[in-house]
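Chains as they are written, first to last, in this note's numbering: chain A, 340 to 454; chain B, 10 to 124.
It is worth saying that the hints were derived from the structure and are not from the lab.
It is possible that part of the hints are untrue.
Okay, derived cross-link-like pairs now, DSSO-like style, lysine-lysine, Cα gap no bigger than 30 Å in a straight line [what the hints assert, rightly or not]:
| no. | chain 1 | residue 1 | chain 2 | residue 2 |
| --- | --- | --- | --- | --- |
| 1 | B | Lys78 | A | Lys350 |
| 2 | B | Lys78 | B | Lys116 |
| 3 | A | Lys350 | B | Lys111 |
| 4 | B | Lys111 | A | Lys410 |
| 5 | B | Lys78 | A | Lys353 |
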Amino acid sequence: DTGVSQNPRHKITKRGQNVTFRCDPISEHNRLYWYRQTLGQGPEFLTYFQNEAQLEKSRLLSDRFSAERPKGSFSTLEIQRTEQGDSAMYLCASKGGRGVRETQYFGPGTRLLVL
Amino acid sequence: AQSVTQLDSQVPVFEEAPVELRCNYSSSVSVYLFWYVQYPNQGLQLLLKYLSGSTLVKGINGFEAEFNKSQTSFHLRKPSVHISDTAEYFCAAGNSGGSNYKLTFGKGTLLTVNP
Numbered sequence: 340d341t342g343v344s345q346n347p348r349h350k351i352t353k354r355g356q357n358v359t360f361r362c363d364p365i366s367e368h369n370r371l372y373w374y375r376q377t378l379g380q381g382p383e384f385l386t387y388f389q390n391e392a393q394l395e396k397s398r399l400l401s402d403r404f405s406a407e408r409p410k411g412s413f414s415t416l417e418i419q420r421t422e423q424g425d426s427a428m429y430l431c432a433s434k435g436g437r438g439v440r441e442t443q444y445f446g447p448g449t450r451l452l453v454l
Numbered sequence: 010a011q012s013v014t015q016l017d018s019q020v021p022v023f024e025e026a027p028v029e030l031r032c033n034y035s036s037s038v039s040v041y042l043f044w045y046v047q048y049p050n051q052g053l054q055l056l057l058k059y060l061s062g063s064t065l066v067k068g069i070n071g072f073e074a075e076f077n078k079s080q081t082s083f084h085l086r087k088p089s090v091h092i093s094d095t096a097e098y099f100c101a102a103g104n105s106g107g108s109n110y111k112l113t114f115g116k117g118t119l120l121t122v123n124p
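Required output: the full structure, derived from the provided sequences and hints.
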């Protein structure tokens, strides 16, 4: 069990550029979550996958954001035309099992800075 | 909809002193409750969780929390803290109504343990 991994760990970009983040969940975990954490705040839910299906999206996820999990394993989160307000830590979590009793395990996050 | 309130944004304590980090929640449905810890530049690590049963929950690193349904609280306690406990602590709630719950987090409490 290597844990949830996220790449890159840090990303600095200029306003208007596109960025893509990757999350590799714990092997065989079928549920994957994306959260966003801004400075001084707790993480906020963005979206959720069960296998390859995206089952829920937050209103925080504007049309500039898109997430995929094409083969039900790793996931990508893309932000198009980045804005300074997108600067945040983007956290990925995965959960296995069939019930609610299983824990969400978080990755180390990708810290995005938009200049 | 549910919300989580962490009543203290910062809690400074001296080493070996007891500490309590307060968390209140509101929800129209039954919830599961969690405490996560976040060290600088890292993801979230689960300390403990309440799903059902005994209202006193013990977690890692000597932490425990008590679920109080009448007061809608889930305060985190440790009888004697160490310097290494310095970190940000997040209380979170998940809707127990299904297996695909997302977590709603509080804003966090920064625990600073001084020598």
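Evaluation of the provided hints:
Straight-line distance between C-alpha atoms of B:Lys78 and A:Lys350 comes to about 42 Å, which puts the hinted pair past the 30 Å bound. A hinted pair counts as satisfied when its Cα atoms are at most 30 Å apart, and B:Lys78 with B:Lys116 qualifies at roughly 21 Å. For the suggested pair A:Lys350 and B:Lys111, the alpha carbons sit about 26 Å apart, so the restraint of at most 30 Å is met. Distance check on the hinted pair: B:Lys111 and A:Lys410 sit about 22 Å apart at the alpha-carbon level, within 30 Å; holds.
With a C-alpha separation of about 48 Å, the suggested pair B:Lys78 and A:Lys353 falls outside the 30 Å cut-off, and the hint is violated.
The structure fails hints 1 and 5 (numbered hints given earlier, in ascending order).
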